[in-house]
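From first to last, the protein sequence lines stand for chains A and B.
With my numbering applied, the first sequence corresponds to residues 1 to 366, in that order.
With my numbering applied, the second sequence corresponds to residues 1 to 296, in that order.
Hint data in this document are derived by calculation from the structure and do not stem from the laboratory.
Quantities reported herein were computed from a predicted structural model and do not represent experimental measurements.
A virtual CB, placed ideally from N, CA and C, is assigned to each residue, including glycine.
Wrong hints could be hidden among the right ones.
[To be verified] Facing chain B, from chain A, some residues (calculated, C-beta under 8 Å):
#1 68
#2 111
#3 115
#4 118
#5 121
#6 130
#7 131
#8 134
#9 138
#10 252
#11 255
#12 298
#13 301
#14 309
#15 361
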Amino acid sequence: MTASASRAAGRFREDRLPLALALVALLIAALIPVMGATGFAYRTLTSMFLLIVTAQGWNLIGGYTGYASFGNVAFFGLGAYTTAILMDRLGLPFLITLPVAGLIAALYAVLLGLPVLRLRGHYFAIATLGVAEATREVLAWATPITSGASGISLPFLKPIDFAQNYFYYMTLGLVVLVMGLTWFLSRQKLGYSWAALRADEDGAKMLGVNTTSSKVIAFALAAMVTGLAGSFYAYYNSFIAPEEVFNIDRTLQAILASVLGGAGTVAGPVVGGVLFALVNTFLIFGKPFGIDLGQFHVTLLGIFIVLVIVFTPRGVIDLFARSTREAIRAQDSRGQGRLRRLLSPLTGGWRAAAKILAQNVRQFRV
Amino acid sequence: MPVTLIGQSVVNILLLSGVLTIVALGFSIVWGVMNIINLVHGAFIMVGAYVTYWLFVLAGVDPFLSIPISMAVLFAIGYVLQRSVINLVMRAPLLVTFLLTFGLEIIVINLALFFWKSDLRAVTTSYSGSSLSLFPDASGNGIEVPYVKLAVFVVAMVLTLLTHLVMTRTRMGRAIRATGMDKDAAQLTGVKIAQIYAVTFAIGAALAGAAGALIATSQSIQPGFGGSYTLRAFVIVVLGGLGSIPAVILGALVFAAAEVLTGLWQPGLIQAVTFGLLVIVLVVRPSGIAGKAFYQ
Numbered sequence: 001m002t003a004s005a006s007r008a009a010g011r012f013r014e015d016r017l018p019l020a021l022a023l024v025a026l027l028i029a030a031l032i033p034v035m036g037a038t039g040f041a042y043r044t045l046t047s048m049f050l051l052i053v054t055a056q057g058w059n060l061i062g063g064y065t066g067y068a069s070f071g072n073v074a075f076f077g078l079g080a081y082t083t084a085i086l087m088d089r090l091g092l093p094f095l096i097t098l099p100v101a102g103l104i105a106a107l108y109a110v111l112l113g114l115p116v117l118r119l120r121g122h123y124f125a126i127a128t129l130g131v132a133e134a135t136r137e138v139l140a141w142a143t144p145i146t147s148g149a150s151g152i153s154l155p156f157l158k159p160i161d162f163a164q165n166y167f168y169y170m171t172l173g174l175v176v177l178v179m180g181l182t183w184f185l186s187r188q189k190l191g192y193s194w195a196a197l198r199a200d201e202d203g204a205k206m207l208g209v210n211t212t213s214s215k216v217i218a219f220a221l222a223a224m225v226t227g228l229a230g231s232f233y234a235y236y237n238s239f240i241a242p243e244e245v246f247n248i249d250r251t252l253q254a255i256l257a258s259v260l261g262g263a264g265t266v267a268g269p270v271v272g273g274v275l276f277a278l279v280n281t282f283l284i285f286g287k288p289f290g291i292d293l294g295q296f297h298v299t300l301l302g303i304f305i306v307l308v309i310v311f312t313p314r315g316v317i318d319l320f321a322r323s324t325r326e327a328i329r330a331q332d333s334r335g336q337g338r339l340r341r342l343l344s345p346l347t348g349g350w351r352a353a354a355k356i357l358a359q360n361v362r363q364f365r366v
Numbered sequence: 001m002p003v004t005l006i007g008q009s010v011v012n013i014l015l016l017s018g019v020l021t022i023v024a025l026g027f028s029i030v031w032g033v034m035n036i037i038n039l040v041h042g043a044f045i046m047v048g049a050y051v052t053y054w055l056f057v058l059a060g061v062d063p064f065l066s067i068p069i070s071m072a073v074l075f076a077i078g079y080v081l082q083r084s085v086i087n088l089v090m091r092a093p094l095l096v097t098f099l100l101t102f103g104l105e106i107i108v109i110n111l112a113l114f115f116w117k118s119d120l121r122a123v124t125t126s127y128s129g130s131s132l133s134l135f136p137d138a139s140g141n142g143i144e145v146p147y148v149k150l151a152v153f154v155v156a157m158v159l160t161l162l163t164h165l166v167m168t169r170t171r172m173g174r175a176i177r178a179t180g181m182d183k184d185a186a187q188l189t190g191v192k193i194a195q196i197y198a199v200t201f202a203i204g205a206a207l208a209g210a211a212g213a214l215i216a217t218s219q220s221i222q223p224g225f226g227g228s229y230t231l232r233a234f235v236i237v238v239l240g241g242l243g244s245i246p247a248v249i250l251g252a253l254v255f256a257a258a259e260v261l262t263g264l265w266q267p268g269l270i271q272a273v274t275f276g277l278l279v280i281v282l283v284v285r286p287s288g289i290a291g292k293a294f295y296q
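Based on the sequences and whatever the hints tell you, model everything.
Put into structure tokens, the structure is as follows:
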């Protein structure tokens, strides 16, 4: 195997394959309703799309800039409440409330980000967590506007068949939009400034990166994306209450989906979101060997989180890419035929993956 | 504001700050020494409260006498958890440890829900509910000091003092502080880091167990009640500043004042006020009111 062929194969894998895979995945997603989907499938997949969007929202701030926000649910809740109030109280159509929700969430993030983004590490994490709790409390307290703890009901979208497809394709479209935005931004000056400040904030500042504006923009974009998801959720669910839309589990699921796929990458939140939704659905409804997992659902989810964090702190895409490369390299060194080389990720990939998992467990231990 | 109300508020703030000191102390030590935000802390408090509850119900042990047992049980749990799981990610970025302890919290709380159900449970002793009345007026209304809360305050202060002595006067305490200051240098002088981390985490868990036992004497418990204490512990540690026991006491006092006074004004906004306070303190004085760079 010559070096140039190996390089060509590498270029093919690294440049074209993700795009091709994304298009295939999109095609399958677009065809699922056409091929006939149950109400259960609609609900599961629509929720999954919203999870992917919130995960990508978290990724923009937590993955790209390295500022681990634990309060993104504040933007989700704010978006949901904006849509609920505008639709229920003012009778505005959903598609007008949607951009307003995104805008208000982004504005809130700017106001919040200016003080809070001066904090680093744990302090930023908990400050955002606290701000989300405080936002929930204030909205629950402002009863004249929000109806407090009793929540707001939104108008239904009818008929139900149309509503199913409407939410399915709209949220899928939002996923595509948010993916495209992230991909585009990650190749702009802004995206490079995020990478720089994630690697070394003081160093980036010294080299002339305006770290404040670049952080605040990332936070505002994250908030906008999350707010849009919240807005969709409110209309989709047709009822919202503070405890529910400000539930910290939403933030954590977004983080987990992002980390599971690979934080700071375009595809990470999508891959992680799909995997998370699969595992979560299995843990709720699965009955392996006649054992009803539903009663242990949250406990098993906790164990899943621990396993993900210990074994693949860089995400499954990284694991997959590294083990594939490792397997091909191993095959190259044995120098057998072209077919074997093509198949090597399948034949040798498992062993390479096991080795990397073992390395992952060792790398951070004391 | 009538004098009695002012006096009552001051008493309430002092009593609350005592138990909150114990709630935050273990959290502060773990954070200061190991740089871990221990989100399991509240779940440990919950388990400590349940140990006290079951000892009281099944064996009739007085809740104050069960404090050492709660502490011992949590010490063991904390040691095993750190040794077997958390030590695996000690060198990882903070998001990793943060998520790991969050996952562990979910596991502990849901196991508790599975075994003990979500019923509210209370430890009601013969002396619960009676209180000392200070400066009663003609109709007998004075500043109420419940005996249980007074005892909790005293125990909390004694435990804080004991922790201080362990951290400063024992070989183990000095090794813990050395590890917190510079783990590589500590390692070079022969300190076994993995062991020290496990003991530190176990001490934090034991203090959480004590906090749980103390809370069980005056509050109904259920598996989810610890989460709010994790957040409180965090705010207290940030308010006071990381790195010393007096800072924790100060933070608990400021936090208790904010909570009691907001409760008088708008009980629905307690978290909004305390976290608002947190953000202001963080922005104005990032190291807290009395914080230091490392654990002392």
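- request: Would you list, in rising numerical order, the hints stated earlier that this structure does not obey?
  value: 2
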